[in-house]
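So the protein lines, in turn, are chains A and B. UniProt numbering puts the first residue of the first sequence at 1, with every later residue one more than the last. UniProt numbering puts the first residue of the second sequence at 1, with every later residue one more than the last.
Please keep in mind that the hints were generated in silico from the structure rather than gathered at the bench. Bear in mind the structure is a predicted one, so any value in this text is a computation, not a measurement. A portion of the hints provided could be inaccurate.
Keeping only pairs whose Cα atoms sit at most 35 Å apart, straight-line, the calculated DSBU-like set for lysine-lysine is [as the list claims (entries may be wrong)]:
{"hint": "1", "chain 1": "A", "residue 1": "169", "chain 2": "A", "residue 2": "114"}
{"hint": "2", "chain 1": "A", "residue 1": "114", "chain 2": "B", "residue 2": "9"}
{"hint": "3", "chain 1": "A", "residue 1": "32", "chain 2": "A", "residue 2": "109"}
{"hint": "4", "chain 1": "A", "residue 1": "109", "chain 2": "A", "residue 2": "74"}
{"hint": "5", "chain 1": "A", "residue 1": "32", "chain 2": "B", "residue 2": "9"}
{"hint": "6", "chain 1": "A", "residue 1": "32", "chain 2": "A", "residue 2": "74"}
{"hint": "7", "chain 1": "B", "residue 1": "9", "chain 2": "A", "residue 2": "109"}
{"hint": "8", "chain 1": "B", "residue 1": "9", "chain 2": "A", "residue 2": "74"}
Looking from chain B toward chain A, a few residues come up when the C-beta cut is under 7 Å (computed) [what the hints assert, rightly or not]:
{"hint": "9", "residue": "8"}
{"hint": "10", "residue": "11"}
{"hint": "11", "residue": "12"}
{"hint": "12", "residue": "18"}
{"hint": "13", "residue": "28"}
{"hint": "14", "residue": "30"}
{"hint": "15", "residue": "36"}
{"hint": "16", "residue": "38"}
{"hint": "17", "residue": "39"}
{"hint": "18", "residue": "46"}
{"hint": "19", "residue": "52"}
{"hint": "20", "residue": "53"}
{"hint": "21", "residue": "55"}
{"hint": "22", "residue": "60"}
All C-beta atoms in this analysis are idealised placements derived from N, C-alpha and C, irrespective of residue type, glycine included.
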Amino acid sequence: MSIDSSSSSNEPVLDYPLPLPSALEPPAEWAKLRAGCPIAHVRLPSGDSAVLLTRYQDVRQVLADPRFTRQLGKEGAARISEEPGGVFESQEAASLTEGHERWRRLLAKSFTAKRVSAMQPRIEAMADQLIDEMVQQGAPADLMAALAFPLPVWVICELLGIPSIDRDKLAHWSNAMLNLSQFTRQEMEAAQAEFSAYMSMHIAAKRAAPGEDLLSELVAAVDEGHPLTELELMMIGQGILVAGHETTSNTIAKMMGMLLGDRERWELLVADPSLVRTTVEEALRFDANAGFGLPRFITEELEVAGQTLPPGTTVICSMAAANRDEQAFERADTMDLRRSPNAHLTFGAGPYSCVGQALARTELQTVLNALLRRLPTLALAVPASDLARREGLLIGGLERVPVRW
Amino acid sequence: MRVIVDLEKCCGAGQCCLLAPRVFDQQDDGMVILLDPSPPAELHAAVREAACVCPGAAIAVEG
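Please build the complete structure, drawing on both the sequences and the hints.
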């Protein structure tokens with residue numbers, strides 16, 4: 001059966017992204033699509049067409065298959081939005097895809113479980129410092145601004161060997177480069193230029209006097225006889241910031257929203273902090289406000305869910321919808337802090353799964369442990385239904401997480 | 001229990017090392033090292049979980 005014959009006129013074309021009923025609840029369409037329409041036709045904000053996958057098995061299959069390419073800049077691929085140069089479509093994204101094997105291998109060295117575990121005490125100290133400052137200011141506080149937003153930038157600065165006095169600058173640039181809704185295009189371009197100038201200077205400094213950080217290692221790395229170029233180093237620095245800041249910040253905020261939004265969940269954790277590891281995995285799985293998903297583009301005929309997709313199809317993988325698939329998870333619509341094993345797809349699957357996932361897990365576990373230890377009486381200062389959604393570039397988030405203790 | 005790892009599929013996520021550090025380790029580049037192909041019974045649950053959550057489906061467990 002081909003996709004054309006299945007897309008009869010009685011199947012409506014959905015506008016994508018699908019609207020969420022609230023910041024933490026999934027769209028009603030997910031369950032219907034998984035049950036009856038595993039390959040759904042959608043219209044993207046650009047007006048271009050794509051197909052949406054929502055079943056666990058299909059999303060996992062496509063993400064792990066390199067024939068479903070990441071070349072969204074190719075002729076014929078759907079554009080995500082009308083704004084050119086999105087994060088999935090840029091020349092840089094294309095060149096990074098081509099050099100993927102090379103720079104992923106280099107990066108993987110810095111993100112092994114061992115290296116990340118060695119960073120854990122520093123991450124804990126940073127979390128404690130931010131919590132100290134929040135407590136000093138007094139309740140109520142915004143957990144997003146006080147902790148979730150700065151912590152991942154601080155960790156990235158540590159990783160790149162950026163001095164702590166420059167952390168706030170990096171945080172501002174990262175925010176401005178990513179948040180089209182809060183900043184003008186001019187502010188965004190200024191942030192980009194300032195960040196590039198800063199990184200260029202920083203790379204030169206690391207060449208002159210290497211430290212014990214990732215950037216110094218990459219400067220010294222000679223891969224297949226070729227040292228990395230200045231542009232490649234810059235792209236890796238920016239890539240880490242883009243991939244590691246917004247995503248982790250928003251995930252911390254949403255995790256805390258989910259845990260504090262239902263008092264029983266938080267009290268269970270206070271009583272038994274050994275559940276932190278499985279809780280973090282479950283928060284990653286249960287996140288309904290996960291954003292766009294991952295787009296893929298095919299240049300040959302390929303089969304998914306028993307249907308043949310023609311060349312030139314853009315495929316959107318909704319990992320968040322797949323993570324709620326009853327065929328893959330028992331009581332998929334229940335947040336179970338003890339769920340184990342939990343093979344969610346939030347970090348993707350296969351050779352392109354998130355290179356920074358061990359670091360993200362460690363940050364999430366550390367921040368949750370620190371809050372349980374320091375502020376066991378932590379509570380939302382607003383009803384969970386009042387938490388406002390933030391439109392992110394890579395993943396969705398919460399504008400604010402007002403808390404008291 | 002017999003554990004088999006497939007280096008072709010390994011993507012270096014490191015989940016297995018975090019879950020069962022006595023059975024799995026990582027090389028410098030992140031690729032898995034199998035420390036114990038026949039782990040003792042008390043580690044079986046952790047090894048099965050590691051196999052299940054491996055993003056590359058690179059771990060197989062027999063028995």
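Indices of hints not satisfied (ascending) = Structure breaks hints 3, 9, 15, 16, 17, 18 and 22.
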